[in-house]
Amino acid sequence: MAEINRVAFMQGNEALAHGAIAAGCRFYGGYPITPSTEVAEIMAYELPKFGGKFIQMEDEIAGMAAVIGASIAGAKTITATSGPGFSLKQENLGLAYEAEIPVVVVDVMRGGPSTGLPTKVAQQDVMQARWGSHGDHGTIAYVPSSVQECYDLAIEAFNMSEKFRQPVLIMSDEVVGHMREKVTLYKPENLIERAKPSVPPDKFVPYLADTKTQVPEMAAFGDGYRWHVTGLTHNDWGFPTNNPKEIEKKMLRLMSKVNECRDEIVKFETFHMEDAEIVVVAYGSVGRSALRAVRDARKVGIKAGFFRPITIWPFPDKELESMIKQGVSILVPEVNCGQMVNEVERAVHGKAKVTLQSLVNGELFKPSEIFARIKEGC
Amino acid sequence: MPSPEVIKWLRFKFFPHIWCPGCGHGVIMHSLLRALVGLKLDQDKTVIASGIGCSSRMPGYIDACTVHTTHGRSLGFATGIKMHNPELTVLDVMGDGDCTAIGGNHFIHACRRNIDITAVVMNNNIYGMTGGQASPTTPPGAWATTAPWGAIDPAFDICKLAEGAGASYVARSTIANPKQVEQYITNGIKNKGFSVIEIITHCHTQFGRKNNRRTPIDNYNFFKESSVPLARAKDMSKEELKGKIVCGEFLTGTDAPEYTEKYGEVIKRAEGE
Chain B
7 MAEINRVAFM QGNEALAHGA IAAGCRFYGG YPITPSTEVA EIMAYELPKF
57 GGKFIQMEDE IAGMAAVIGA SIAGAKTITA TSGPGFSLKQ ENLGLAYEAE
107 IPVVVVDVMR GGPSTGLPTK VAQQDVMQAR WGSHGDHGTI AYVPSSVQEC
157 YDLAIEAFNM SEKFRQPVLI MSDEVVGHMR EKVTLYKPEN LIERAKPSVP
207 PDKFVPYLAD TKTQVPEMAA FGDGYRWHVT GLTHNDWGFP TNNPKEIEKK
257 MLRLMSKVNE CRDEIVKFET FHMEDAEIVV VAYGSVGRSA LRAVRDARKV
307 GIKAGFFRPI TIWPFPDKEL ESMIKQGVSI LVPEVNCGQM VNEVERAVHG
357 KAKVTLQSLV NGELFKPSEI FARIKEGC
Chain Z
14 MPSPEVIKWL RFKFFPHIWC PGCGHGVIMH SLLRALVGLK LDQDKTVIAS
64 GIGCSSRMPG YIDACTVHTT HGRSLGFATG IKMHNPELTV LDVMGDGDCT
114 AIGGNHFIHA CRRNIDITAV VMNNNIYGMT GGQASPTTPP GAWATTAPWG
164 AIDPAFDICK LAEGAGASYV ARSTIANPKQ VEQYITNGIK NKGFSVIEII
214 THCHTQFGRK NNRRTPIDNY NFFKESSVPL ARAKDMSKEE LKGKIVCGEF
264 LTGTDAPEYT EKYGEVIKRA EGE
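Same order as they appear, the protein sequences are chains B and Z. Each position in the first sequence, counted from 1, maps to that position plus 6 in the working numbering. Each position in the second sequence, counted from 1, maps to that position plus 13 in the working numbering.
Since the hints were derived computationally from the structure, they do not count as laboratory data. None of these values were measured; they are calculated from a predicted model. Each hint should be verified, as a subset may be incorrect.
[What the hints assert, rightly or not] Okay, derived cross-link-like pairs now, DSSO-like style, lysine-lysine, Cα gap no bigger than 27 Å in a straight line:
no.: 1; chain 1: B; residue 1: Lys381; chain 2: B; residue 2: Lys359
no.: 2; chain 1: Z; residue 1: Lys26; chain 2: B; residue 2: Lys251
no.: 3; chain 1: B; residue 1: Lys209; chain 2: Z; residue 2: Lys58
no.: 4; chain 1: B; residue 1: Lys218; chain 2: B; residue 2: Lys255
no.: 5; chain 1: B; residue 1: Lys55; chain 2: Z; residue 2: Lys53
no.: 6; chain 1: Z; residue 1: Lys26; chain 2: B; residue 2: Lys209
no.: 7; chain 1: Z; residue 1: Lys281; chain 2: Z; residue 2: Lys21
no.: 8; chain 1: B; residue 1: Lys55; chain 2: Z; residue 2: Lys281
no.: 9; chain 1: Z; residue 1: Lys281; chain 2: B; residue 2: Lys193
no.: 10; chain 1: Z; residue 1: Lys53; chain 2: B; residue 2: Lys209
[What the hints assert, rightly or not] One-sided excerpt, in silico: chain B residues whose CB lies under 10 Å from chain Z:
no.: 11; residue: Gly58
no.: 12; residue: Ile67
no.: 13; residue: Ala72
no.: 14; residue: Val73
no.: 15; residue: Ala79
no.: 16; residue: Thr83
no.: 17; residue: Leu123
no.: 18; residue: Asp229
no.: 19; residue: Ala378
Ideal Cβ positions, reconstructed from N, Cα and C, are used throughout, including at glycine.
Generate coordinates for the entire structure from the input sequences, incorporating the hints supplied.
And the structure:
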């Protein structure tokens, strides 16, 4: 078995798979799709070495179903996909939100719509991450921008998924997924495991949430606790309900268990925000070009700053707003037609002029292209 | 009346059930529970999965580890559960639309893998819960709300489909023969591999009402009159078999390996490296 603590040179997809295993993931179910397939390939090779299971399912839908099933049986589970597959997974993803089943889902974003650009980078799925599955629910989604972050955020995603008992998304992209960099692999400390029942089986009420965390304890099938899982809106017993009070209680808790903890979930990175007159807000692979452009701008005396959301959901809105001074300009480069830019506008409440820099030709931004816009004042 | 052993497997808290009076699903549930009791299965180690539809509400009423999933996808969930913990006995109860229309792909691949899951397919030839639309097993010529001029689609033979796709136990019975249903479910669970038990049942509310089988008894009599044991069917011509329900065990085990056992070998190979 390979040593966990080591420095390696590998792809983002590869690091993500190793991060998942380090987090205790022992089950992968999925379907091949570019540009995410390496995650499946690494898991197929590595998981059985750890006594874990890998299964290539007949389609994306079944891949999503299998990881939810294995999670119900007690495993930490992951599946990886890209655009078309992410669309196919939305229905079962909804079941995991409703039934509160922890699972990590990776979308290595490529150009769309439809088959689009399987081998080209894009950030066109970040709104789908928030609203793709029908119905209201809280969303936790990470946007890694380096190979190291693929490893780190895979671990973080599992921790949050176990803690909040819900799906957590890693919205990687083709560049981050296929880029090779140095990465430090390590054995994570203080891994979070789902809360197991604290009462004997005859006292167990499967969806009775802890009043503080708002998350119910979860038994694995086979543990001696018999419970009912359903995608129908259910009461504390897990049984379908049409009772307005029970419906409202469940719906509000699905939202608030995430919303009320957003401060501890939200992650971001900044550079020279203290005196910035022009701020670039960028994420994922675009964050790399943007940071270089901001550094170049500083070198020529432009007071440029950089803000990079690491969680796109919950969006670090109040953190961004607190760092924005009245009258600054914000540039939002995205490899889509403008998605996160709307969140940035919402966050700053008119304090700054927000400009989208959109790129949808299948390429990644060159730092010089972002630098040129900074120089022009956006 | 159900035996005290069967009653132990019921979740009275979740009653009353949603099925119409006289629905065949009750006969199937009782037969299934007798099979579980007969096999002395542990409620804590028994998983019953389902998708969407009237039949798929069954797990809610059974005091076991139960999971009511999305339409057609239950075998994907069941596969994940069985893969992670092969010690569990896993059943999957489905309707004809759930299993052979929206879930058709999952069904044939579960058969192909020969994973140790027992699929109980309740075939009532119609989408009952949504109000009587045609399913892949609606007989040609029958009336359905989405086939108001008579169904023209050929119907699936679920047992042939299962056999062709690689299931290792395949049987068919009807709700007119509950002892046989119990026996076949028992044999299916005992089979180490993917087992399919098709049970012909009725929806007098949505199908029978418009197809001359208005009451539960009309359907029950129809099943009794139309059923032909497999042994007798072998000597009958295609013409004689038209409209008949051939009941029996079509396949009682093959030499195909079981999927989770095969994966156990994968783990041994990988761990040895």
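For each hint, the structure was consulted:
no. : hint                  : verdict
1   : Lys381(B) x Lys359(B) : holds, 15 Å
2   : Lys26(Z) x Lys251(B)  : holds, 19 Å
3   : Lys209(B) x Lys58(Z)  : holds, 19 Å
4   : Lys218(B) x Lys255(B) : holds, 15 Å
5   : Lys55(B) x Lys53(Z)   : violated, 35 Å
6   : Lys26(Z) x Lys209(B)  : holds, 14 Å
7   : Lys281(Z) x Lys21(Z)  : violated, 39 Å
8   : Lys55(B) x Lys281(Z)  : holds, 8 Å
9   : Lys281(Z) x Lys193(B) : holds, 24 Å
10  : Lys53(Z) x Lys209(B)  : holds, 25 Å
11  : Gly58                 : holds, 8 Å
12  : Ile67                 : holds, 6 Å
13  : Ala72                 : holds, 4 Å
14  : Val73                 : holds, 6 Å
15  : Ala79                 : holds, 4 Å
16  : Thr83                 : holds, 7 Å
17  : Leu123                : violated, 27 Å
18  : Asp229                : holds, 8 Å
19  : Ala378                : violated, 48 Å
In this structure, the earlier hints numbered 5, 7, 17 and 19 are contradicted, and the remaining ones agree with it.
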